[in-house]
Amino acid sequence: MENQELTTVETARDLGLLPEEFDRIQEILGRVPNFTELSIFAVMWSEHCSYKNSITWLKTLPKDGPRMLAKAGEENAGLVDLGDGIGCAFKIESHNHPSALEPYQGAATGVGGINRDIFTMGARPIAQMNSLRFGDLSLDKTKWLVKGVVKGISHYGNAFGIPTVGGELFFDECYNINPLVNAFSAGIVKAGETVSATSYGVGNPVYIVGSATGKDGIHGAAFASKDITEDSVNDLPAVQVGDPFQEKLLLEATLEVIKTGAVIGMQDMGAAGIICSNSEMSAKGEHGMIIHLDRVPMRQENMKPYEILLSESQERMLIVVEKGKEALVEAVFDKWDLNCAIIGEVTDTKRLEYYMNGEKVADVPADDLVLGGGAPVYKREYREPAYYAENQKFKIEDVAEPENLVEVAEHLIGHANLASKRWVTDQYDSMIGTSTMTTNRPSDAAVVAVKGTDKAIVLTCDCNSRYVYADPQKGTAIAVAEAARNITCAGGEPVAITNCLNFGNPYIPEVYWQFVGAIKGMGEACTKFETPVTGGNVSFYNQSSDEGPVFPTPTIGMLGVMDEMDNLMTLDFKQPGDLIYLVGESQNDIASSQYLASYHKILAAPAPYFDLEKEYAMHQVVKQLIKHKVIQSAHDVADGGLYIALTEAAMPNRLGFDIESDSSIRKDAFLFGEAQGRVVVTVAPDDQERFVEMMATSETEFSLLGTVNGSGDATVDGELFGNITDIKMVHDNVLHVILGDE
Amino acid sequence: MKFGVVIFPGSNCDEDIIHVLQNVMGQQVVRLWHKDHDLQGAEFIVLPGGFSFGDYLRSGAIARFSPIMQEVIQFAAKGGKVMGICNGFQILTEAGLLPGALLHNRNRKFICRNIYLKAQTPNSLVTRGIDPQRALKIPLAHGEGNYFADADVLKALNDNDQVLFRYCDEAGNITDDSNPNGSLENIAGVTNSGRNVFGFMPHPERAAEALVGNQDGLAIFESILSLANA
Amino acid sequence: MKTFLAEIDVMPKKEILDPQGKAVTGSMKNLGLSEIQNVRIGKHISLEIEADNEATASAKVDEACKNLLANLIMESYNFTLTEK
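Chains C, A and R, in that order, are what the protein sequence lines are.
FYI, the working numbering numbers position 578 of the first sequence as 578, with every residue one higher than the one before it.
FYI, the working numbering numbers position 4 of the second sequence as 746, with every residue one higher than the one before it.
FYI, the working numbering numbers position 23 of the third sequence as 995, with every residue one higher than the one before it.
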């Protein structure tokens, strides 16, 4: 490597490394790194790969649980035991910044990336979700982003052939510049058929399979390199293009190659490409590798070593194979017409040695690159922002109660945040796989049968980021509680979570304070619900110079299990005459509700009422009601409050409701407040006695709200709020009116 | 009956139809890989839904040149029964085994939801057992399902009773509002003049079990089997 | 053998609704370009072909268009050939 130019602290800075990090690299190597080596450290020590600014806090989250097969950070995704020798791998990941730039391809490649994380473990994906947040929907830019993101997810996910069964859609102007696109996937694997992201066995061949490598996603390094020219800039693709067909081939070939028994370890290539897979697998397996970069199949000409190493080209996998079994592996990739090339072999040096046309171009120790090894760890400063204390001063008395609550109801029904999501969901294939149990039976969470077993997995994504902004700790605990409530109402048992932590710049103490609070709240709630955190991803820098950070948005993807499929509970009212009960307590609270934010346009408020202990107790009662078949429907009270929950339950079968309010609290709070810990259930008259008995033995409050009617009228205290047919017409078409259908 | 399900590399509804034929309908099924030339003695060939070869040029355009399709084309020419669902229907039109073509949906978006269908003729294997007044609730999932044929072909289809299904509303009325994708005359599926090749866009295999909460699709499979067994 | 470059245009047939073109025509109005009408959107395909002469090359490209690149039920095509 004598003839290669050595680097300086300036180059290190251009690559995003701190001066002390450059010193540390020289210590590790015992010399000054060349550009290839420095770019390796820069990308591996970036927040994205090393979690250097977040890991200290992430480590405080509960990781253990009776059902955990692979804990957070151990593999590409968390792995949960469903029983009977079946495991479920699941994870959520962000693709925010690429989607802001080019929504269609950004979102599509996000879907590709999360699915590779699942099948690289040997699990076949069976369900996907996505959690989307955009800015003000009246802006043309927002409409462009929504249309592009949804089309990208639709195109990639549908062709890949895994149903998209649920998700979130939320609009607020804080996301005008920085939309959030979080993609979730869950897959099923038989015990003993999982594959680890590891590498060992001296002499074992290292394969790269799938798409050819191009100069994708290497802008940062390319601009820091000294030899950048106008021509080489033009060679850098501005956008990564996803190829779902290639991904589908990769899925089938990957699962088939695992069955050959020839695979030692495997990892997909996402962020930081070959170098990331090489270093993480080698560090885990405590071995090294010699890699010949010129043997990597390339899509573009004249690629430099650092470009090949850092390339984020999609639809690729790295596989370490047991020596002597090469033919078995190659036959599988040949069958699926995929590239499959040996690029090097495993060594016992614990170093990664890279060659280009016979010349050594980099030599770095694997362990020093990775999280848990030599990657730096920082404790960032944090400070309570001024707005937090202001929020606590909010009093409901300061907000005049509107005289016309029907008008408020109409405002909420017509609001994009509460509208039917069918403009979006109709573009996703939700039924492929013939296992989605909730397409024809609406439920608070998606329920997907695991073929060949009597079980189903229950999935939901939740985060009301307005609550998290108001109070990060409480707001995040609410996100976990809401996810658990949705799974419970669908008849499932909450098991574990994955998280996607979308925040602003971590170097701003007020932003980091939001992050710390969110982690504390998540830890508390996950401990209470016994849902360990299996992993996920951190996305900082969702912030632009002119708009400030987005609402802190720790999206919770929760997995539940349904051991008997007839435990499935739906949210829709079934029969006129059924009694409508509220399980949980009404509160005189409108804090941080959609009603307060969009009708009164008041943002300075604390998070809504929430009591973790009572919430947990309420879930246990609901589980009993479902298990003993005491109730006809269950639907949680969430965004938009009780009135919206009632209309959502009424719409599927076009039934109405007649309810009475609670005179002890304000009627706007009763109808539109978003106090947590409440579920609307319906009970057939014949079951009323059993219901009341079962509720009476619990400590959870409950009250009779009224009855379901067949006329479709929605009445409160005798006042007509509308007919469900008209309400449904508005609710169904809010997004169509704004976004168009042609 | 012995069914042969063709598997292209981008097929993704292959396992769904195999599951229904095997486990729900109790039939024998063989998998036919696109690179093979052997139909393995199958008596009824099914081309499943999916994205055969990525469908980048046009849906089904490349699939029809695969080795197995040469066998399927010959099989159909001799009167063998062939049925295409969704992408399978697109492939059959590209291969010239069925008249017409499938254009992009009228709203230029992928559409996945339940729609209603009415059987249009008692004179076909797949519709014979279905009550012509019944509106079947069947899922749809495609981006290119807008059926098109020129005026002469369309006239011939109607004159020869070759339309299998039309889109309708819940009450069975065939209206423009109930046409999800812009198909000519609400056509959802057709047969050839020899009445041995069948194609339609909706997915009855997604509505064939209590598990998914909809069993309207069984009517189509039962129609196929009742006649085969008769 | 010579190498020819074929530039092929595949267009939706005139009689067929072109929803993409229709949508783009509509959006021209929003841009203040209402003079623009009848936008139709097709595909442009370029390929290289080796042949002894232009007539042979033309025949082969024509075959490729007919059999694969265009679906004559809904699309029409035309192409130009230039020697490289």
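Hints listed in this document are in silico derivations from the structure and should not be mistaken for laboratory results.
C-beta atoms are modelled at their ideal positions from N, C-alpha and C, and glycine is treated no differently.
Watch out, some of these pointers could steer you wrong.
Away from chain A, derived, C-beta distances all over 10 Å, residues of chain C [to be verified]: (1) H219; (2) P244; (3) E256; (4) Y428; (5) M431; (6) T436; (7) A449; (8) E530; (9) E701; (10) S711.
Below, in silico cross-link-like pairs of lysine-lysine (DSBU-like), each with a Cα-Cα straight-line distance of 30 Å or less [said to hold, decoys possible]: (11) A:K897 to R:K1038; (12) C:K259 to C:K451; (13) C:K141 to R:K1001; (14) C:K259 to C:K71; (15) R:K1001 to R:K1015; (16) R:K1032 to R:K974; (17) C:K601 to C:K451; (18) R:K1015 to C:K143; (19) R:K1032 to C:K421; (20) A:K744 to C:K451.
Some chain A residues near chain R, calculated using beta-carbon distances under 8 Å [what the hints assert, rightly or not]: (21) G796; (22) R800; (23) A843; (24) R848.
Could you work out which earlier hints the structure fails to respect and list their numbers in ascending sequence?
The structure conflicts with hints 2, 4, 5, 6, 7, 17, 19 and 21, although it agrees with all the remaining ones.
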